[in-house]
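Listed below, chain by chain, are the residues.
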Amino acid sequence: MKNQPEFDLMEKETAPTIADRMLKRGITRREFLGFCGMMAAALALPRGSEKVIAQALLTTPRQSVIWLEFQGCTGDSESFLRASPSPNPLDGGLEKKITDLLLDVISVDYHETLMAPSGNDADKSRTDTIANYSGRYLLVVEGSIPLAANGHYCVIGGKTGLNILQETIAHAKGTIALGTCAAFGGLAKANPNPTGATGVAGAIPGANVIALPGCPANVINLVATIIHLISFPGVPLAKDSMGRPDFAYNSNPNSPNYMRIHSHCERREREEVEKWGDADHIAGGCLREMGCNGPYTYSNCWQVKWNDATCWPIQAGHGCIGCVQPDFWDKPYTGSNPINTFYAKRVA
Amino acid sequence: MSNETGNSVFLPLVMNGTTSSKKIVIDPITRIEGHLRLEIQMNNGQVQDAWSAGTMFRGVEMILKGRDPRDAWLFAQRLCGVCTTVHSIASVRAVENAIGITIPENAMLLRNLLEASQFVHDHVIHFYHLHALDWVDVVNALQADVNKTSQLAQQNNPGWPNNSVSYFQSVKDRLTIFVNSGQLGLFSNGYWGHPAYKLPAEANLLAVAHYLEALEWQADYVKMEAMMGGKNPHPQTYLVGGMAIPTDKNALEGINLAMIGNLRAKMQTGLDFVTKVYMPDLVLIAKYYPEWTNLGGGYGNFLSFGDFPQTKDNQRTDLWLPAGVITNKDLANIKALDQSKIQEYISHSWYTYNGGDAIGVHPSTGETNPNYSGPTAPYTNLDTNAKYSWLKAPRYEGKPMEVGPLARVLVAYAAGHIRIRQLVDGTLAALGLSTAALFSTLGRVAARGIETQAIAEKMGDWLTRLETNLKTTGYNNAIHEQTHWEPSTWPSGTLNGIGFTEAPRGALGHWIKINAASKKIENYQMVIPTTWNGSPRDAQNQRGVWEQALLNTPLAIEAQPLEVLRTIHSFDPCMACAVHLVDMTGNELGSMLVEHM
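Line by line, the protein sequences are chains U and H. Quick note on the working numbering: the first sequence kicks off at 1 and runs consecutively. Quick note on the working numbering: the second sequence kicks off at 1 and runs consecutively.
Mixed in with the good hints there might be a few duds.
Capping the alpha-carbon separation at 30 Å, the derived lysine-lysine pairs in DSBU-like fashion look like this [to be verified]:
{"id": "1", "chain 1": "U", "residue 1": "K159", "chain 2": "H", "residue 2": "K22"}
{"id": "2", "chain 1": "U", "residue 1": "K275", "chain 2": "H", "residue 2": "K249"}
{"id": "3", "chain 1": "U", "residue 1": "K275", "chain 2": "H", "residue 2": "K312"}
{"id": "4", "chain 1": "H", "residue 1": "K341", "chain 2": "H", "residue 2": "K399"}
{"id": "5", "chain 1": "H", "residue 1": "K341", "chain 2": "H", "residue 2": "K329"}
{"id": "6", "chain 1": "H", "residue 1": "K399", "chain 2": "U", "residue 2": "K124"}
{"id": "7", "chain 1": "U", "residue 1": "K331", "chain 2": "H", "residue 2": "K520"}
{"id": "8", "chain 1": "H", "residue 1": "K249", "chain 2": "H", "residue 2": "K458"}
{"id": "9", "chain 1": "U", "residue 1": "K275", "chain 2": "U", "residue 2": "K173"}
{"id": "10", "chain 1": "H", "residue 1": "K22", "chain 2": "U", "residue 2": "K124"}
{"id": "11", "chain 1": "H", "residue 1": "K312", "chain 2": "H", "residue 2": "K198"}
{"id": "12", "chain 1": "H", "residue 1": "K287", "chain 2": "H", "residue 2": "K276"}
{"id": "13", "chain 1": "H", "residue 1": "K287", "chain 2": "H", "residue 2": "K341"}
{"id": "14", "chain 1": "H", "residue 1": "K287", "chain 2": "U", "residue 2": "K345"}
{"id": "15", "chain 1": "H", "residue 1": "K519", "chain 2": "U", "residue 2": "K275"}
{"id": "16", "chain 1": "H", "residue 1": "K148", "chain 2": "H", "residue 2": "K335"}
{"id": "17", "chain 1": "U", "residue 1": "K345", "chain 2": "U", "residue 2": "K331"}
{"id": "18", "chain 1": "U", "residue 1": "K331", "chain 2": "H", "residue 2": "K519"}
{"id": "19", "chain 1": "U", "residue 1": "K345", "chain 2": "H", "residue 2": "K520"}
{"id": "20", "chain 1": "H", "residue 1": "K519", "chain 2": "H", "residue 2": "K312"}
{"id": "21", "chain 1": "U", "residue 1": "K124", "chain 2": "U", "residue 2": "K173"}
{"id": "22", "chain 1": "H", "residue 1": "K341", "chain 2": "H", "residue 2": "K471"}
{"id": "23", "chain 1": "H", "residue 1": "K341", "chain 2": "H", "residue 2": "K312"}
{"id": "24", "chain 1": "H", "residue 1": "K249", "chain 2": "U", "residue 2": "K305"}
{"id": "25", "chain 1": "H", "residue 1": "K471", "chain 2": "U", "residue 2": "K275"}
{"id": "26", "chain 1": "U", "residue 1": "K159", "chain 2": "H", "residue 2": "K471"}
{"id": "27", "chain 1": "U", "residue 1": "K345", "chain 2": "H", "residue 2": "K335"}
{"id": "28", "chain 1": "U", "residue 1": "K275", "chain 2": "H", "residue 2": "K65"}
{"id": "29", "chain 1": "H", "residue 1": "K65", "chain 2": "U", "residue 2": "K345"}
{"id": "30", "chain 1": "H", "residue 1": "K471", "chain 2": "H", "residue 2": "K329"}
{"id": "31", "chain 1": "H", "residue 1": "K520", "chain 2": "H", "residue 2": "K341"}
{"id": "32", "chain 1": "H", "residue 1": "K22", "chain 2": "H", "residue 2": "K399"}
{"id": "33", "chain 1": "U", "residue 1": "K331", "chain 2": "H", "residue 2": "K312"}
{"id": "34", "chain 1": "H", "residue 1": "K312", "chain 2": "U", "residue 2": "K124"}
{"id": "35", "chain 1": "U", "residue 1": "K275", "chain 2": "H", "residue 2": "K520"}
{"id": "36", "chain 1": "H", "residue 1": "K458", "chain 2": "H", "residue 2": "K287"}
Only part of the chain H face toward chain U is listed, based on derived beta-carbon distances under 8 Å [unchecked claim]:
{"id": "37", "residue": "D27"}
{"id": "38", "residue": "T55"}
{"id": "39", "residue": "F57"}
{"id": "40", "residue": "R67"}
It is worth saying that the hints were derived from the structure and are not from the lab. For each residue, glycine too, the CB sits at the ideal point set by N, CA and C.
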């Protein structure tokens, strides 16, 4: 290691850094740099940014995260678990993979779906983290927050979800509203919104929130956002007026990073499918007539796809439902389309 | 105290400092899906009574009203991102039943494959990432001798290659770095060192290694759902009338022969993991906890809707896992399912019925009027004599029924299912137990593993049938029925339908009513597995299934209720599903329920 001063692994008295942890586990320098490069690309950063990311990971202990869920389906958490899927685990054990990157990069200090303790001891994890990492933990929120009936449609540990959110967001260094429910209200907010559901920004007026919508959110966008926050502290992520990062949700047609699905769709020029399973469907045809929200949806699913780039809905033969857009559940029923269904023929 | 029928008798709360009798609260229950609160009456170190409360509500049925029935599955799917396929299939089946659609065979096979891969994925994650920390002491794993661990792995998991001394050293080193960093993350404030943990350090280290491997395995295995359905979570592929991915050997994108090969390869990784890692680990752990075959049994009533059709979807005459009802643990007298015997009560739930709180109502003519009458937050205790949950109380012939893996396995066993019988008898023999042991927390855990293996094996048959269809010249590889897609093609009049499935957590039913004029959803009802298992009391004050199952559980340390979590987690609660809600501002009593069951 003598000729690689940037990866000098001296014993550190403080908590080992992210890079220490990775490199000690046998992730090669090449794989480490590859990860930094991939993150820089996902974030649409200029050349050379991967070095900044690498340096940040060399000098940063694990990022503390408090993960709260309110009126959710746990889909965004499940999406998170799909991170960096491994090749076959029979290829030689843990050491050569970067699949556990997320467990080394972040310290998930509160997450009700996965954490060991229940009840008071679980809440202690949350309150201890708020106290010990004040101003330094990231808050991730999934699920909407109900405001009707004084918040009694979501109560955890005897406290309303709203109350818990207010306590926890107050000392966070950054907040990610993960998934369309936390970003914009999502399913619970769909008409008639029986519980007064809203997203984080609606529940905490004035909050500085990074919105990562999707139903569920794509884990690649979560990882890229977290890496950005670690690597470029003090440099705000470029976002639109709804808090959506530019790198994944850009809706400016003049931008080179324009994310409109229809503009990039692999099926765009092909013959249109008219019945499910017809010859054009078999040939991978355009799904406009079977209901596709691609023309109105701005998201990087066409680019990064899902489950380690295995597939995405249009590739599997079903139209886009526009799941990153605010109020997408109601759009078919409130728009100009009289047929009122996700499956209505779309005008391109 | 309870009398023999399980009816609860109110006991006064002792508040003056003695610890022999007191009420404890566990909220949040973690390592489940959704929001669950338990209040428990302790007496001399044992659970004397228990109350289960769902504490979150969204209103999905109210949201479904007025929408196109073809869209319903998209909404319903988002009841849960863990069991992310089950509401989709129940929903499209309900609509297909209402309209009278028979889907093509390829669509039926794809539905079976998606459900099956969901079961395998879901149950493995449940064992390792939701349940294992109740049995495995992660911190104690640091004491393990890696040579002995390697020997244990070779003996316990033969055929699984990650078993060298250096491998376990690397896992131990990783865990050491993690613990020494001071950032314990998910393992913070765990009950490490609790006297109820019984595994030796080597078994703990083996289990921790497999917990990490399972985390990686699941992300890879679930790619099957992405191949078939575009993505996971929430595969975007169900359709009223079939599925959205073309099945044709010439398909550019879709299920072609290359894709069959990819699916088969992934399927094999599942079968390998289940037979070489999950099941042997389950048996190993079970051996150290024999007393858990005498705890957590509960009523001994079981209900299965059955699933995995073999010839035609929705006809329910040819289900690979059969439907049936068992009461009082009587495996010799299995009864046929009669869905008309299902009723829901709201006497202890935050709803009102127009007919008053004492009545039970069948889902097809029910109503849901949410009405929160609990304490004002922040609160310390619920009023467990009154209404205390967002879950309703489903009952069958007035009885609380357990649903889920144990119900399915017992019904299949009683019905003579050959493979289930082999797996059950084999597992019991390996543990030196009789069938009586099945009626317990450990029995539930074993049943989950057993059905996972049976399903993982059976998937190969369905895939082979699909492949054969693709290869057969002249076979109609349709993926969708096509002729009833447009609402204008549907029968006239009000249409009623039921869609049943077996979700990983148990029997699931959707009831739909389609308006004659608008062809939109007039009413939508769901009765959910966790609602059966996690319900509060009913109008007869009978405890819900896991309220009953918790009785007599010993707690060594009240502040660390590990033993309670063992039984609760054995049910694999899914609370977001369970509080769905049902809305039937139903003024159409007496409308015909179309029975294709």
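Status of the hints after comparison with the structure:
Under the criterion of a C-alpha separation no larger than 30 Å, the hint pairing K159 of chain U with K22 of chain H is consistent with the structure, at around 22 Å. Taking the CA atoms of K275 of chain U and K249 of chain H, the gap is about 18 Å. The hint holds against a cut of 30 Å. Our distance criterion of 30 Å between C-alpha atoms is met by K275 of chain U and K312 of chain H, whose separation comes to about 22 Å. The suggested pairing of K341 of chain H with K399 of chain H holds, with an alpha-carbon distance near 10 Å, which does not exceed 30 Å.
For the hint pairing K341 of chain H with K329 of chain H, the CA-to-CA distance comes to about 19 Å; that is within 30 Å, so the pair holds. In summary, the hint linking K399 of chain H to K124 of chain U is not supported, as the alpha carbons are separated by about 39 Å, beyond the 30 Å threshold. Pair hint K331 of chain U plus K520 of chain H holds up; C-alpha atoms about 16 Å apart against a cutoff of 30 Å. Restraint check: the Cα-Cα separation between K249 of chain H and K458 of chain H comes to about 23 Å, which is no more than 30 Å; the hinted pair holds.
Between K275 of chain U and K173 of chain U the CA atoms are separated by roughly 51 Å; this puts the pair beyond 30 Å, and the hint is violated. For a cut-off of 30 Å, the pair hint linking K22 of chain H to K124 of chain U stands: about 22 Å separates their Cα positions. Between K312 of chain H and K198 of chain H the CA atoms are separated by roughly 48 Å; this puts the pair beyond 30 Å, and the hint is violated. At most 30 Å may separate the alpha-carbon atoms for a hinted pair to count; K287 of chain H and K276 of chain H meet this at roughly 17 Å.
Using a Cα cut-off of 30 Å, the hinted pair K287 of chain H and K341 of chain H is violated, with the two alpha carbons roughly 39 Å apart. The straight-line distance between the Cα atoms of K287 of chain H and K345 of chain U is roughly 59 Å, outside the 30 Å bound, and the hint therefore fails. For the hint pairing K519 of chain H with K275 of chain U, the CA-to-CA distance comes to about 20 Å; that is within 30 Å, so the pair holds. Simply put, K148 of chain H and K335 of chain H have alpha-carbon atoms about 49 Å apart, too far for the 30 Å limit, and the pair is violated.
For the suggested pair K345 of chain U and K331 of chain U, the alpha carbons sit about 14 Å apart, so the restraint of at most 30 Å is met. Restraint check for K331 of chain U and K519 of chain H: the C-alpha separation of about 19 Å stays at or below 30 Å, so the hint holds. Only pairs whose Cα atoms come within 30 Å are accepted, and K345 of chain U paired with K520 of chain H is accepted, the gap being roughly 18 Å. A hinted pair counts as satisfied when its Cα atoms are at most 30 Å apart, and K519 of chain H with K312 of chain H qualifies at roughly 26 Å.
The straight-line distance between the Cα atoms of K124 of chain U and K173 of chain U is roughly 20 Å, inside the 30 Å bound, and the hint therefore holds. With a C-alpha separation of about 45 Å, the suggested pairing of K341 of chain H with K471 of chain H is violated against the 30 Å cut-off. Only pairs whose Cα atoms come within 30 Å are accepted, and K341 of chain H paired with K312 of chain H is accepted, the gap being roughly 25 Å. The suggested pairing of K249 of chain H with K305 of chain U holds, with an alpha-carbon distance near 24 Å, which does not exceed 30 Å.
In summary, the hint linking K471 of chain H to K275 of chain U is supported, as the alpha carbons are separated by about 23 Å, within the 30 Å threshold. This hinted pair does not check out: K159 of chain U and K471 of chain H have alpha carbons roughly 59 Å apart, beyond 30 Å. Under the criterion of a C-alpha separation no larger than 30 Å, the hint pairing K345 of chain U with K335 of chain H is inconsistent with the structure, at around 48 Å. With a C-alpha separation of about 27 Å, the suggested pairing of K275 of chain U with K65 of chain H holds against the 30 Å cut-off.
About 22 Å separates the Cα atoms of K65 of chain H and K345 of chain U, which keeps this hinted pair within 30 Å; it holds. Taking the CA atoms of K471 of chain H and K329 of chain H, the gap is near 47 Å; set against the 30 Å cutoff, the hint is violated. Of the supplied pair hints, the one linking K520 of chain H and K341 of chain H holds, its CA atoms being roughly 28 Å apart against a limit of 30 Å. Proposed proximity of K22 of chain H and K399 of chain H is supported: the alpha carbons are some 29 Å apart, at most 30 Å.
Annotation: proposed proximity of K331 of chain U to K312 of chain H is violated, straight-line Cα distance about 35 Å (limit 30 Å). For the proposed pair K312 of chain H and K124 of chain U, the alpha carbon gap of about 52 Å is over 30 Å, so the pair is violated. Straight-line distance between C-alpha atoms of K275 of chain U and K520 of chain H comes to about 21 Å, which keeps the hinted pair within the 30 Å bound. A distance of roughly 28 Å separates the Cα atoms of K458 of chain H and K287 of chain H; the hinted pair therefore holds under the 30 Å criterion.
Evaluation of the D27 of chain H hint against chain U yields a held restraint, the C-beta minimum of about 5 Å falling below 8 Å. Hint status for T55 of chain H relative to chain U: holds, with the closest Cβ pair at about 5 Å, below 8 Å. Hint on F57 of chain H holds. Least Cβ distance to chain U is approximately 5 Å, under the 8 Å limit. Here the hint on R67 of chain H is kept, as its CB sits about 7 Å from the closest CB of chain U, short of 8 Å.
When the structure is compared with the earlier hints, violations turn up for hints 6, 9, 11, 13, 14, 16, 22, 26, 27, 30, 33, 34 and for no others.
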